[in-house]
Amino acid sequence: MRWLKIGIWLGLGFGAGLLLAKLAVALSFYAAVFLLIVVAACLVAGFLGRNLVFLRTYLSLRKGWRERDKQ
Numbered sequence: 275m276r277w278l279k280i281g282i283w284l285g286l287g288f289g290a291g292l293l294l295a296k297l298a299v300a301l302s303f304y305a306a307v308f309l310l311i312v313v314a315a316c317l318v319a320g321f322l323g324r325n326l327v328f329l330r331t332y333l334s335l336r337k338g339w340r341e342r343d344k345q
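With this note's numbering as the guide, the letters of the sequence shown map in order to residues 275 to 345.
One or more of the hints may lead you astray.
Between beta-carbon pairs, the in silico distance windows are [stated by the list, open to error]: (1) I280 / A319: 56 to 62 Å; (2) R340 / L301: 54 to 60 Å; (3) G291 / I311: 26 to 32 Å; (4) V312 / W283: 51 to 57 Å; (5) L286 / V318: 45 to 51 Å; (6) G320 / I280: 55 to 61 Å; (7) A290 / V313: 33 to 39 Å.
No wet-lab data here; the hints were simulated from the structure. Values in this document were obtained by computation on a predicted structure and should not be read as measured data. Note that the Cβ used here is the ideal one computed from N, Cα and C, for glycine as well.
Generate coordinates for the entire structure from the input sequences, incorporating the hints supplied.
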């Protein structure tokens with residue numbers, strides 16, 4: 275009976291360990307995906323930020339050219 279209890283506890287411990295390992299792998303996978311999404315969002319934001327500054331500068335210059343042409 276004693277060995278049966280020890281076997282059950284070892285089995286439960288091993289099962290819980292496997293479950294925790296699977297959970298850790300799943301969480302690390304989701305963390306990696308989340309990190310990739312964050313990096314991609316930062317790259318897109320940086321790219322858009324640079325291009326929007328360029329576009330705004332270009333449009334303001336164009337407005338200045340238009341006003342200069344009117345005179």
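Hints not upheld, ascending by number: 4
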